[in-house]
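Listed in order, the protein sequences are those of chains Z and F.
According to my numbering, the stretch in the first sequence is residues 1 to 254, in order.
According to my numbering, the stretch in the second sequence is residues 1 to 263, in order.
Calculated from the structure, these hints are not laboratory results.
Ideal placement from N, C-alpha and C gives every residue a C-beta, glycine not left out.
You may find that some hints are simply not true.
As the list claims (entries may be wrong) - What the simulated footprint calls covered on chain F by chain Z, stretch by stretch (three residues with Cβ under 8 Å from a Cβ of chain Z suffice, anywhere in the stretch; the number is not a length): (1) 150-163; (2) 175-189.
Unchecked claim - Reference excerpt, derived from the structure (chain Z facing chain F, CB under 10 Å, subset only): (3) 92; (4) 96; (5) 203.
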Amino acid sequence: MTACSTQVVELRGVGKSFAGTPVLADIDFAVERSEVVCVIGPSGSGKSTLLRCINLLEQPDQGTVAVLDQELTDPDCDIDSARRRIGMVFQQFNLFPLHTALENCALAPRTVLGMNRREARERARAELDRVGLGDQIASYPAHLSGGQQQRVAIARALAMAPELMLFDEPTSALDPELVGDVLASIRQLAVAGMTLIIVTHEMAFAREIADRVIFMDGGRIVESGPPEAVIDAPRQSRTQTFLQRITDRAPSPG
Amino acid sequence: MRLSRRRRARIVRAVQYLVLAAVACVAGLLADWPTIGHTFFDPALIRQTLVHGLGLALWHTVAYTVGAFVLGMVAGTLLALMRLSSIGPYRWLATAYIEFFRGLPALVVFIAFSLLPLAFPSLSIPFDPYGTVWLALGIVGSAYMAETIRAGIQAVPKGQIEAARSLGMTPAQTMRHVALPQAFRIMIPPLTNELIMLIKDSSLVFIVGLSASDFDLTKFGRASANANVNITPLVVAGLGYLAITLPLSILVRRMEARTARTR
Numbered sequence: 001m002t003a004c005s006t007q008v009v010e011l012r013g014v015g016k017s018f019a020g021t022p023v024l025a026d027i028d029f030a031v032e033r034s035e036v037v038c039v040i041g042p043s044g045s046g047k048s049t050l051l052r053c054i055n056l057l058e059q060p061d062q063g064t065v066a067v068l069d070q071e072l073t074d075p076d077c078d079i080d081s082a083r084r085r086i087g088m089v090f091q092q093f094n095l096f097p098l099h100t101a102l103e104n105c106a107l108a109p110r111t112v113l114g115m116n117r118r119e120a121r122e123r124a125r126a127e128l129d130r131v132g133l134g135d136q137i138a139s140y141p142a143h144l145s146g147g148q149q150q151r152v153a154i155a156r157a158l159a160m161a162p163e164l165m166l167f168d169e170p171t172s173a174l175d176p177e178l179v180g181d182v183l184a185s186i187r188q189l190a191v192a193g194m195t196l197i198i199v200t201h202e203m204a205f206a207r208e209i210a211d212r213v214i215f216m217d218g219g220r221i222v223e224s225g226p227p228e229a230v231i232d233a234p235r236q237s238r239t240q241t242f243l244q245r246i247t248d249r250a251p252s253p254g
Numbered sequence: 001m002r003l004s005r006r007r008r009a010r011i012v013r014a015v016q017y018l019v020l021a022a023v024a025c026v027a028g029l030l031a032d033w034p035t036i037g038h039t040f041f042d043p044a045l046i047r048q049t050l051v052h053g054l055g056l057a058l059w060h061t062v063a064y065t066v067g068a069f070v071l072g073m074v075a076g077t078l079l080a081l082m083r084l085s086s087i088g089p090y091r092w093l094a095t096a097y098i099e100f101f102r103g104l105p106a107l108v109v110f111i112a113f114s115l116l117p118l119a120f121p122s123l124s125i126p127f128d129p130y131g132t133v134w135l136a137l138g139i140v141g142s143a144y145m146a147e148t149i150r151a152g153i154q155a156v157p158k159g160q161i162e163a164a165r166s167l168g169m170t171p172a173q174t175m176r177h178v179a180l181p182q183a184f185r186i187m188i189p190p191l192t193n194e195l196i197m198l199i200k201d202s203s204l205v206f207i208v209g210l211s212a213s214d215f216d217l218t219k220f221g222r223a224s225a226n227a228n229v230n231i232t233p234l235v236v237a238g239l240g241y242l243a244i245t246l247p248l249s250i251l252v253r254r255m256e257a258r259t260a261r262t263r
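Chain Z on its own, in the form it takes in the complex (with noise of 0.2 Å):
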C-alpha cells in the first residue's frame, strides 16, 4: 500500500450484465482523494449500477474495482473489511426500523469496528451532531421525516469514519422541501476534503459541489469533466439531450 497515492477508486473495464441484459460496458473510472464526483444520466443508464460495483454490492462481470489500493475484485480480499472505508448512502435510506437513531449510529462501530458500548454511543452522538440531529438521537426512524432520516443514514455512514463516501440519489425519495438540508450535510463533507461520489438528479447542487461531473447514458460514460463544461455546455448530443428533458420538465401549459 502506498501512502503517497492520491487515487481512492479505480475501475477498469468493468462490465456487468443482468439476465443477459447489460447494464454496464467497459467502465474506466478513478477518482483522486478530496474529488466530489457527480454521476448524471437518465433512469437505467447505470448509475446506480457503477456506484453499487465501488463497494462491490454488484460484483462485475468483467473488469477489476480497486479501492484506496485495494483490490476488491481479487478474490482474495476481505470485502468486509474494506466496506469499513467506504461509507454508503441510499436512496432509501435503509434505517434499521428497530434501533434508534443513535442505535443506528452505534451498532456498526460496536460490532465491525469492536468499540465498547460507551465510545460507540460518543461517535454516533457527535455523528448525529454533525448531521444536525443532536436532538433526535433517541427517535426511532418511523418518527422521523425523510430529510432527517437521510441525514441519520448520513451519520451512521460516517460514523466508521470512512475514507470515501457513496450517495445513490440521496435526496430521490424526498419531498421537496427536505431536499435542503440532506444538500447541506453532503455540501459540509465536501467542504472538509472528504471524497465524495454522488449519484444524483439534482442539477444545480451538482454544478455548486461537483469537481467533475459524469455523464451515463446505455451502461457507458457518454461525458466527463467540470461541471461547467459538462451541465453548462455539453459537447455529446445525448447529454445536450438529457439535460434538456430535465430542464423543460417544469411549466405545463394552464
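Dock chain F against the given chain Z, drawing on the hints supplied.
Relative to chain Z, chain F alone:
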C-alpha cells in the same frame, strides 16, 4: 309491493335474529339441563379437581410445551438457515426434514417414540419423561417453525441487508444484528399459533406412557373423569388449556401493539 333495499335488509336481519332465538328456545326446552349440569359441571367434582392435581397437571403441560418450543425454535432456526444456505446439500436436507415431519401427524411421531425403548432397550433419553416429550414435540414443532422463520427472514427488505453489509458487517453479523431481530418481529403472530398448537399437541404425551405423577392436563382430566364416571374433570382440564392460551394471546397482542409503535 316493492321494498326499498334498506327496508329489505332490515327484514332479513330480523328474520336471522328470529331463527337464532327459535333455535335457542328449542335447545333450551329439549335439553335435559339437570343431567347436563351434573355430568359436565358437578360443583363438588370441580372443587375436588381444582384442589387435587389440577395445578400439577397444568404445570406439566406448560413444562412439556415450553421445553419443546425452545427445542423447536433452536432446531427451527438452524433448519431455516440451512434452507437459505447457498450449499445445496444443506438445503436439500432441511427441505426433506421439514416436508417429512410437517406431513406426519404428531400422533405418529409420539407412537414412534413410545416404541423406541422396544427397539433399543439400552437407549435412555435424559430427563425422562420430559426428554422424550420435548424431543417428540420439538421434532414436529421445529418443522413448522423452520418454515415460519425462513419466511420471516426472507420478509426482511433487501435494503436492510445491503445497509448492514456496506457498513462492513459480515454475513453472520448482519443475520444476528439486523435480519433476525426484524424477522422475529414479523414471526410473532405465526409463532404464537405454533406455540398454541404445541400446547394442544402436548396432550399426546399419554402415548409414551406416563406415571400418575407426570400427568399433563388431558391425561389427568381423563383419568379423573374415568374414576368418577363423570365428565366434569375433563371440562376443568379443558378450561386449564384456555387458562394458558387466552393470557398468551392477550400478551402477544400487547407485544404486537408495542412493536407497532416503532414502525
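Right, here's what the structure says about each hint:
1. 150-163: With 5 residues in contact (Cβ-Cβ under 8 Å with chain Z), the coverage given for the segment 150-163 of chain F holds.
2. 175-189: holds (count 5)
3. 92: With Cβ-Cβ at 6 Å, under 10 Å, it holds.
4. 96: 6 Å, holds
5. 203: 26 Å, violated
Hint compliance for this structure: hint 5 alone is broken.
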